[in-house]
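Engineer: So the sequence lines, in the order shown, correspond to chains Y and S.
For reference, each letter of the first sequence is one residue, going 220 to 1007 in the numbering used here.
For reference, each letter of the second sequence is one residue, going 91 to 402 in the numbering used here.
Treat the hints with caution; some may be incorrect.
The calculated lysine-lysine pairs, modelled on DSSO-like cross-linking and capped at a C-alpha distance of 27 Å, are [said to hold, decoys possible]:
id, chain 1, residue 1, chain 2, residue 2
1, Y, 771, Y, 790
2, Y, 869, S, 254
3, Y, 318, Y, 528
4, S, 122, Y, 990
5, Y, 545, S, 254
It is worth saying that the hints were derived from the structure and are not from the lab.
The lines below spell out each chain.
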Amino acid sequence: MKQFWLISLMITVFVLNVDFVVAQNYTISGTIKDATTNEIAVGTTVYVKETLQGTSTNEKGFFSITLPKGTYTLVISYIGYKEIEIPVELNKNIKINEKIEPTAITKEAFEIVGEKENINTTEAEMSSVKLEMEKVKTLPAIFGEIDILKTIQLLPGVQTAGEGNSGFYVRGGGPDQNLVLLDGATVYNASHLFGFFSVFNADAINDVKLYKGAMPAEFGGRLSSVLDISMNDGDYKKYKVDGGIGVISSRLTVQGPIKKDTASFIFSARRTYAGDLAQPFVSDSSAFKGSNYYFYDLNGKINYKISSKDKISLSGYFGRDVFVFKNSDDGFELETPWGNAIASLRWNHIYNEKLFADFTAAFTNYSFEVIAKQEQFGFRLFSGITDWNLKADFNYLPNILHNIKFGAAYTFHKFTPNNAEVNSDDVEFNTGEVIINYANEVALYVSDDWDISEKFKLHAGLRYTGYQHIGPFKRFNNDELGNPIDTIVYDKGETVKYYQGLEPRITTRYQFNSSSSVKASFSQNYQYIHLASLASVSLPTDAWLPSTDVTKPQFSTQYVLGYFKNLAKNKWESSVEIYYKEMKNQIEYKDGALPQDNSGNNVDNSLTFGKGWSYGAEFFIKKRVGKFNGWIGYTLAWTKRQFDEINEGKTFFARYDRRHDASVVFNYDISKRLVLGGTWVYATGNALTLPVSRFIIEGQVVNEYGDRNAFRMDAFHRLDVALTLKGKENKKFQSSWNFSIYNLYNRKNPYFIYFANEGNVFDGSLDLQAKQVSLFGIIPAVAWNFKF
Amino acid sequence: MKKIIYYLSILSAVLTSCEKEIDINLPEDEIKLVVEGKIEQNQPPLVILTKTTPFFAPTDLNSLQSLFVKDAIVTVSNGTNSVQLQEICTSNLPDSLLPAIAELIGVSLANLQSFGFCLYTTLNPSIFGEVGKTYTLNIQAENKIITSTTKIPQLVLPNKFWYKDAPGFTDFGYVWFELTDPPQLGNAYRVFTQRKGKDNRFIPVFGSVFDDQFINNLTFQGFLQRGQEPNSTAADDLAETSEYYAQGDTIIIKFTTIDQRHFNFWNTFEIAAFNNGNPFASPATILTNIEGGLGIWGGYGVSYDTLVAVDL
């Protein structure tokens, strides 16, 4: 437990030291709110006119500046809002709570996430991006379904899992290496319909921030990225209803005050039209009558401001995909419900103008089930993961030079990897005992954002993580036939294996001038959970697995170097980042492994272990403001893997290795009522494994595959456009039409390639063909949105 | 399980809008030897030796026949006797012998006549299959050495077979069986059927292999889904009822016991065939029991039953 002491020592030193140094200064602090909605205004710039020293409000709308005694002018500014100047006579600690008013009345204030204008070059943070929901909503989307995860994929360094898929890969990391947080609670499988839609209903989302490297120490548990999503608080002043009717689904959001200015709620629901997605089953043949597919999402949040220093919020998400398949021809019936249930309770507390705290209790569950029936046979396969999580995060702002964060987290994991039950009438087949794994995970962290000098800024963080795989657990050691040779039994609560590690996170910034800087970062991460996939893409059937005595925790080291430059008075942002990332203890199934292999056996006995690494350069240029805004991103990257037992030990490219990946994203305000949005994407084709030769056994053609992922599909590119027409200004009721066209020039992008064989081997009529399947051609869509 | 993967993948196929034939340049791979060998009790060992060919090599009869590997030294031993097999090409045999050869290889007579097989076998009865014995195969050909072993496991006889109409049908249904799996783990089975007057050979049923991973030491009932010739265009194989047997069929059931590695081959072989064209499936690796090559050297403990399909 040496690390615990080390961390608490560090916290003590930081806190004491810094306090001592600034003892004779005074602090101006306060909260900035939006005057129209009374919601806190995150990211408002607050600076001292005389010295040009400044800060921005944190996620609580709070700011704090510590200065020597004197007379100053405080400036509060926020894009789209009136600037406020406040003269201050500083001879004691001062509190300033201000409300800012929008300059344009049409702006929906609560939807805006502001930021300091030159945050790109001045913050030590790198490899991170914040998305503004308002701009996401005018971008084109497939079937008109706005999806933040698909917008995330348009950023450099983020790759899509496949056409129309909301899964994403960050800098060569696997889909399990992204930490997706919804109001602080982990979301394990963020997609519906095999990845075609994300579980996030855009109407319920306030803002989204992605870290693709240089992760701050407050985040951990994943190697590659953090996607931090916060839900809307709901309006504290008046009731509002928003909704939309689209091609695939409809949405409705209701929000308003429970008690004016004190308590608010928001409730949001989305559902696909039942039967529509299943139509092809039902119409083709009446044998499939009763087949159906649909999904729905429910989001809710309640906030209560107990006092000026305390706020409590309760957020929840529940979503399910349901696929029912019936074939009366052979009496086969299949039902697969799957989805997430998430809840988090948060308490924000302000101790004083320098110390804030967030306490979170969260629950998350992802479960997947297949229930199948045919004749007298029943089959059930189920898997899932459940977490109970407690977190305390503190933010300490001793003076203008330091922003210190520290905290602790505890998670109890319950894993249910694929378990099967089979019966034939009353005969229960031997599918082994239900296997459930348990683990404890703890984390302690401390970090400081430190302005060492005007030019130098340092973000130094350290995270300690400990992981305990606990019983009840059985370690099976079986022979080739599955007969147990010996079995080690661990009792309830007994430690199977303990892992721990220190994760340093360091980012530095050197500022050349107010518009350009260079940043460098070094970070190490541990990840104690793994996602094992038998398929070539991520599916809801993939099972989450714990680290065990056999499966070691994933570990990564990442180096990033970047140059950041703002142009034309911060209207344009640009950056170049190069990175190198190493990932150890990556998992894959052994060749020929099957999902049912874990009956009477441990799943990890059919895994094999190896390493991965990726490197590349990301170029990004963004026009932040103006009638015409958007960005261009380009990534040049390599992602490789090496496993001793796969591909004869030779290094191979990951399936999602993309040499080139580019995107162009724009929004153009044609008039006050008309916005044109567009995206164009280009990506090197997926790497895939293809047969190089064939042979014949029992008259059947059998493929012999070549090196893993040695073949490339054609490049992927596509242009989408959307036009949003807002209704006439009307205080009571507003509506807008969204017309979008997906794949405007109808490019037949390759989705997969397979080899068909027809005819009879023995009479010379055998015919072999390579076939390329494309998923979506041109798809127009329309959605009608309203609010009142 | 296979069926579930299939139906799940249908969901994705629904969204699939367009398919086209493309030209692909595949890299050349080294040529490997392929064994299709078997030994049943009271039968001579039989080995068909071929080689892999580039995927898009021609598929006419001459090209396919050129894949037979000739002049190989093929020996089979049962621990006591070791016998070198003789090479036979059916094109050199008198027509009167062909029906017996077709039966032995497991192909229809028509296919045998049109194709012309080369195979290695022997008439020396000292190496004919015996239940419980292990058989080692050694091949030297084209500067390669191939070895493999297989066992003819003890017979396990099903308790009974019967036919039952499928729900919603009056003349079509599955063949059902009841089996008592022996106590020890590691039993595996492969099942073939032949409809008299309709099939020219014993055709493996759909999902022809199963092992006792889930059914060890249990008495249970299962059904046989009718298999068909690869890429068959026969009318009853294209019909809606293609997976069923018809009332009135006389069905000979060839129920075999196989060893675990033999099972692994056919199991992964069938999954690979099944997953072809499924965008979500990883390329399936076929687990072979051949050292130095591909394919299968498999022993079968065979029992036969005849069933007239009548729903009682």
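Engineer: Hints first: check each against the structure and report whether it holds.
Structural biologist: Structure-based check of all given hints:
1. 771(Y) / 790(Y): violated, 47 Å
2. 869(Y) / 254(S): violated, 53 Å
3. 318(Y) / 528(Y): holds, 17 Å
4. 122(S) / 990(Y): Status holds; Cα separation ~26 Å.
5. 545(Y) / 254(S): Measuring from Cα to Cα gives roughly 21 Å; hence the hint holds.
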